[in-house]
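Colleague: One-letter residues, chain by chain:
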Amino acid sequence: MKKLSISKIIIYLFLIIMAIIYVAPLLWVLMVSFKENAEIYTSPFGLPKAPTFENFKFAWTAGKLGIATLNSFIVCVITLIFSMIIGSMAAFGIARLRWKLARLSLTYFLLGMMIPVHCVLIPLFTRFAKVGLTNSLIGLIIPYLTFSLPITIFIMVGFFESMPNELIESACIDGATIYEIFFKVCLPLGKTGLFVTGLMTFVGNWNELLFAMVFISDDLKKTLPVSLSKFVGPYNTNYTQMFAAIIIAIIPTIVVYCAFSNQIVDGLTAGAVKG
Amino acid sequence: MDKLLRNKKAIAVFMAPGLILFTVILFVPICQSVYYSFCEYKAITPPEFIGLENYKTLFKDKTFWIAIKNSLFFLVFSCVTQLIMGLLLAGLLTNIDKGRNLFKNIIYLPCVLSSAALGLLWMFIFSPQFGINKLIETLGVPNYSVDGPLWLMDTNGFIVLPMWVIAFVSLWQYVGQSMMLYMAQISGISKELYEASYIDGCTKAKTFRFITLPLIRPMVATAMSLNAIGSLKFFDMVYNMTEGGPNHMTEVLATHLYQQGFKYTKYGYASAIGVVLLVMCLLVTAFINKVVKTEQYEM
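Line by line, the protein sequences are chains A and B.
Start counting the first sequence at 266; every next residue gets the next number (my numbering).
Start counting the second sequence at 32; every next residue gets the next number (my numbering).
The shape of chain A in the complex, shown without the other chains (with noise of 0.2 Å):
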């Protein structure tokens, strides 16, 4: 029995350091931002001396971080709702429809999560530019929608193909008509599986940097990620602001987790465990 408590507080020691390691670079973060930035170079490791707003008002105004959030915002918004649309009426079509080619289509969906999104970069980019797509959001959304239909098909597959199939007889029987099926029935049956794509989602789309970079150039209509690469750069020199505009990316996410981790974690096991 001793011996046993001696190997759980090895195991508790060294889950203890893994926890530091990880919350402490965020916690200096943290604590730096409300710094002066001439403390950094004095004390960079001791708790601000006298906390300052200043940064963060900096970052979120002339960095332009704060127009970045509502672009990323915007951005997001839009594209889980349609990717959730879109994509859980394919699932349903691939799930329940009877057709022959159900299987394949969704084979076909799934090699979208094997291909690497570099690859499509550059045609997609000069069609854009040519019908005038590039440096808008819209241009965005396009390609994040497509990008996250592959996760949500695949997802909400497994939630229509767990119902039962009484349900659909019995609102078959009642007289609906196949829309009235999946809006009315499957659809809300599906909620927990909806709301566990939409997180995933929409997390991936926020923190996207590549497409973001390279489809938006006008300064009004970056994203967050985007934004903050540039406001935090080689050639800016003020410290505590760049830490700022960093806290400022990252605590939407951190605010979304803490509330639904639970969630998120369940996503992302459903997405992966029949993979």
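Just so you know, these hints were derived from the structure itself, not from any lab.
Errors might be hidden in some of the hints.
[Claimed, not checked] Straight line, CA to CA, 25 Å or less: simulated DMTMM-like cross-link-like pairs of lysine to aspartate or glutamate: (1) LYS129(B) x GLU274(B); (2) LYS329(A) x GLU274(B); (3) LYS91(B) x GLU71(B); (4) LYS314(A) x GLU168(B); (5) LYS449(A) x ASP439(A); (6) LYS395(A) x ASP484(A); (7) LYS322(A) x GLU445(A); (8) LYS34(B) x GLU426(A); (9) LYS40(B) x ASP484(A); (10) LYS34(B) x GLU445(A); (11) LYS273(A) x ASP231(B); (12) LYS40(B) x GLU304(A); (13) LYS34(B) x GLU431(A); (14) LYS294(B) x GLU274(B); (15) LYS39(B) x ASP439(A); (16) LYS34(B) x ASP483(A); (17) LYS34(B) x GLU301(A); (18) LYS40(B) x ASP439(A); (19) LYS264(B) x GLU168(B); (20) LYS365(A) x ASP33(B); (21) LYS165(B) x GLU301(A); (22) LYS73(B) x ASP483(A); (23) LYS165(B) x GLU304(A); (24) LYS294(B) x GLU304(A); (25) LYS129(B) x ASP33(B); (26) LYS273(A) x GLU71(B); (27) LYS294(B) x ASP483(A); (28) LYS39(B) x GLU301(A); (29) LYS273(A) x GLU168(B); (30) LYS40(B) x GLU71(B); (31) LYS39(B) x ASP483(A); (32) LYS395(A) x GLU71(B); (33) LYS39(B) x ASP484(A); (34) LYS273(A) x GLU274(B); (35) LYS40(B) x ASP483(A); (36) LYS40(B) x GLU431(A); (37) LYS495(A) x GLU223(B); (38) LYS395(A) x GLU274(B); (39) LYS39(B) x GLU445(A); (40) LYS449(A) x ASP33(B).
Fit chain B to the given chain A structure using the hints.
Modeller: Same frame as chain A, but now just chain B:
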């Protein structure tokens, strides 16, 4: 009901938006990209077919080989370390009760944060003036902020130090994902199997080796292919920590593609890099699934 579910019009309505979007935005551009890779294509002039020229230049391009080397290093490093650390953490966390969720959530947290922001954060931590070197100096090693290693600037060795640093940071960020996948799989294993093995006199280590490990093998394949594709696609962190520098020593395929395509607008050439990347992704996934995945056991 059968008639209702076989209705051709309904099928078309449900499937069309997704399929059209997917084809137009993903599959047509991929084919285009393959075509562009055989073309001389700069920003202003239309693409002009030149056969294998781009690939020939590519294979003579020193930076391309550095990028391949770094990408492969990333691939191997992340597959191996994520497997070990992920399994270790998952094994430890499934063995404790108090604080399991807390530790799990803390370690998973960086996975949902922007790697662009975290890359910047770690860039500051590894910067000589006030990051980790300064901390070591404060803790008692004199002059360490001057004499300590230049984490993100060093250019010696086959795999340069900045690459190790970036690989470590990416492990830090994404190990939570592997851990979570393994934990889900481990908690799905029936308790009776473990009880039986304890009755037969197995130690904890042995049960892990002969019960847990074989049963989570399918998940190892899944997690590994996710890691592999993720590490080949890796862009945000490298871009924000070093931008491929110093002197292209930390260039990976994705940053090289971005540089060539959008800094120098060599679309054809960058497409060729994209095709190499695509082929590597498909090969690696196929390889991992062939080697690691075995038959599913009944649990």
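Colleague: If any of the earlier hints don't hold here, list their numbers in rising order.
Modeller: Violated hints (numbers, rising): 1, 7, 9, 12, 16, 17, 19, 24, 25, 26, 28, 29, 30, 31, 33, 34, 35, 37, 38; every other hint is consistent with the structure.
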